[in-house]
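Enquirer: With chain R held as given, fit chain V onto it using these hints.
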Amino acid sequence: MNIEQYIIDIKDKFPDITNVEVINTKRLMVYIPQSLLPKITDYWFNELQYRYVIVTAMDSKDGYELIYHYSDDSSGWIMSLNVLLPHDTPEVESMTSIVYGIEWIEREIMDILGIKFLNHPKPERFLLPESWPEGDYPYRRKIRKEDR
Amino acid sequence: MGKKTIVPIGPYHPLLEEPEFFKLYCDGETVVDMEWETGYNHRGIEKICESKTFEQVFFVVERICGICSTSHPFAYANAVESIGGVQIPVRAKLIRSIVGELERIHSHLLWVGLAGHFLGYNTVFMWAWKYREPVLDMFEIITGNRNNYAMFTIGGVRRDIDETKATELLKVLDDVKKKTDLLVGAVMDDPVIHARLKGVGTLTAKDIHDFGAVGPTARASGVDIDVRRDDPYAAYDMVNWKVITTPEGDVFAKAKVRLLEMYESISIIKQCLTLLQKETPGDIKAKVKEIPEGIGIGHAEAPRGEVFHFVKSDGGNSPVRHKIRAPSYNCITTFRRSCIGGTISDAAIATAAVDPCYCCTERMVQVYDYHSGKHMMNAAELIKFSQQKTEELRKKL
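Here the protein sequences line up with chains R and V, keeping their order.
Numbering-wise, the first sequence is residues 1 to 148 according to this note's numbering.
Numbering-wise, the second sequence is residues 149 to 545 according to this note's numbering.
Think of the hints as simulated: they come from the structure by calculation, not from any bench.
Please note that the accuracy of each hint is not assured.
Unchecked claim - 25 Å max Cα-Cα, derived PhoX-like pairs, lysine-lysine:
1) 278/V to 327/V
2) 278/V to 313/V
3) 122/R to 319/V
4) 39/R to 26/R
5) 319/V to 418/V
6) 354/V to 39/R
7) 61/R to 200/V
8) 116/R to 195/V
9) 544/V to 532/V
10) 437/V to 26/R
11) 325/V to 390/V
12) 326/V to 354/V
13) 390/V to 26/R
14) 26/R to 435/V
15) 122/R to 327/V
16) 426/V to 390/V
17) 418/V to 278/V
18) 26/R to 13/R
19) 61/R to 195/V
20) 433/V to 200/V
21) 278/V to 319/V
22) 325/V to 418/V
23) 532/V to 346/V
24) 433/V to 26/R
25) 122/R to 354/V
26) 200/V to 437/V
Bear in mind that the values here come from a model prediction, so they are computed numbers and not experimental data.
The following block holds chain R by itself, in its conformation from the complex (with noise of 0.2 Å):
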C-alpha cells in the first residue's frame, strides 16, 4: 500500500478521524479519541494483522501522550496511534484482551507516569522496586515541590 491508500483506509473505516500524519517515510501517524483505541487497535490487530511492536508514553505540555506503535511487515510501515490523555485524569482502557504482549509495557507506563490502564488484569509494579515511593513517578516533567 502507498500512502494515500493507508489514509483513505483508515478515514473510511473510521469518519471520526480527522488528523493523520506522515510524520516521515513510512511512518504514520494517527491522532484518535480515546474512545476509538479498542475499535481501531482490534482492526489493525486481528483484521488487517498488523504486528503489535510497543507503546510509547510520553509527558508533554497538553497531557499524557500515549503512543501505540503497529507495523505493516508487508510493506515496511511503521503505524501509530496516537491518544492523549487529560494531565487530571489519567486512565485509558487496558488493551491486554485484544493484545495479549501489551501487558508488560502498560505496568511499565504505571510505573513511570502513573497512567490508570483499566481492567487491567495484573496491575503491579514492574521496574520499580516495591519500596519505591507511591505517587512518585519518574517520567513526569512536574517539578517536585522539594526541588524548588
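Expert: Below, chain V without anything else, positioned relative to chain R:
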C-alpha cells in the same frame, strides 16, 4: 487441578549471567503456569538519554547490551537521521552493515554455545566460543575494540575500513566460514540434540502474533519478518541475501534458523567488503548541522530481532523523549506459551531458545512449593536437571 509446586529460578546466581526471575508453577513434572519478575537490572537509560546530546546518546545506547552493542546505535541512528532527513554516504552504509552482520555472527555463536551448555554439551560450548574469537578479532581490526565499538555517529561512521583491513578481514572470514561448517555439522547431525530439541517449546505463528515476538523466534515459527528486508536500511538493499524461515516453531527450528543465518551474514559481509573495495575512498560521514523539531522512529534487525527506537526532538540538542524497545522485551513473554505443558527439564532450553537478553529487557527463574512457598530449586539446579536428561538420553541411544 492437583497440587502445584512453584519452581523459582533466579534472580541472582553465579551461574546466571544476568539477573532474571521466573516462577514455574508445576504439577508433578509438568509446567502448568509461569510468571516472571523484572526490574533487577533497570538503569533508567531512557531517562539518561534525555540529558545527553544527540551525539552522546550513541555511547549510552551502545551500553544497553554488550552483545547488541551495534543494534541499538543502528536503530537510534535510523531514528535520528530520519528526523533530519540525513542521507549517509555509501561507504558509511557498507561499513554499518559489515559491523551489524559481524555482531549477528558472534551473537549466534554465543547462543549456540550457551544452548549447548544448558543441554550438557560442554564441548559445543567450548567450540562455539572458541570460534567466536576470530569474529571478535575482526571487530578489533575494524573498530579497535572487541566490544562497545563506538562506530556510529549521526550521518555515518567514525572509522573507515581501508584496503589492507578489507583484505585481512576477507581472509579471517574464510576461516570463520570453515569453522561454522564444522559447528553446524556437529549440531545438526547429533541424534541426542535432535531428541532434546525437537518438539520442545513449540510456538505457533498465532503465538508469535499475539505477543509481537520478533527475530529468529518468529522466523522459526514460519513468520517471515525481517526488518533488513521489509524496511531496508544501511546497505541491505545493495546486496543479495535471503531471510531464513522454517515452520516448525520448536527449539530445534530456532537453532536451525540461527545457524543458517550465520551463512547469510558471512555472505553479506563478503559482498559489502567487495563493494567497499570497488568504491573510491571518500567520505564516511555526512555533515549534519542540527536535528530539527520532529519525531523519528527507527528500527534495526538485531541478532535477537527488531530493535525499536522512538526519538522526539524539539529542535534543541538533546532528545525530549527516547523510547527503546529491545527484541527480548516481546520475545520473553512467549515463555508463557512455550514452557507450559512441557517438563521442568525442558524449561531451561525452552527459555534459552529465544536468546533472552536481560540487560536489554531485564529480569530471573526459581522453583517454589506452591502451598508452603518454600524454595525448591534455583537456576543452576534447573540447568543440572536439563543436563541430566541429556545424559540419560545419550545412554539410551
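Enquirer: Would you mind marking each hint as holding or not holding in the structure?
Expert: Structure-based check of each hint:
{"no.": "1", "hint": "278/V to 327/V", "result": "holds (10 Å)"}
{"no.": "2", "hint": "278/V to 313/V", "result": "holds (22 Å)"}
{"no.": "3", "hint": "122/R to 319/V", "result": "violated (54 Å)"}
{"no.": "4", "hint": "39/R to 26/R", "result": "holds (23 Å)"}
{"no.": "5", "hint": "319/V to 418/V", "result": "holds (10 Å)"}
{"no.": "6", "hint": "354/V to 39/R", "result": "holds (20 Å)"}
{"no.": "7", "hint": "61/R to 200/V", "result": "holds (21 Å)"}
{"no.": "8", "hint": "116/R to 195/V", "result": "holds (21 Å)"}
{"no.": "9", "hint": "544/V to 532/V", "result": "holds (19 Å)"}
{"no.": "10", "hint": "437/V to 26/R", "result": "holds (24 Å)"}
{"no.": "11", "hint": "325/V to 390/V", "result": "holds (17 Å)"}
{"no.": "12", "hint": "326/V to 354/V", "result": "violated (37 Å)"}
{"no.": "13", "hint": "390/V to 26/R", "result": "holds (22 Å)"}
{"no.": "14", "hint": "26/R to 435/V", "result": "holds (24 Å)"}
{"no.": "15", "hint": "122/R to 327/V", "result": "violated (47 Å)"}
{"no.": "16", "hint": "426/V to 390/V", "result": "holds (23 Å)"}
{"no.": "17", "hint": "418/V to 278/V", "result": "holds (22 Å)"}
{"no.": "18", "hint": "26/R to 13/R", "result": "holds (21 Å)"}
{"no.": "19", "hint": "61/R to 195/V", "result": "holds (18 Å)"}
{"no.": "20", "hint": "433/V to 200/V", "result": "holds (21 Å)"}
{"no.": "21", "hint": "278/V to 319/V", "result": "holds (18 Å)"}
{"no.": "22", "hint": "325/V to 418/V", "result": "holds (11 Å)"}
{"no.": "23", "hint": "532/V to 346/V", "result": "holds (20 Å)"}
{"no.": "24", "hint": "433/V to 26/R", "result": "holds (24 Å)"}
{"no.": "25", "hint": "122/R to 354/V", "result": "holds (23 Å)"}
{"no.": "26", "hint": "200/V to 437/V", "result": "holds (17 Å)"}
Violated hints, listed in ascending order, are 3, 12 and 15; each of the other numbered hints is respected by the structure.
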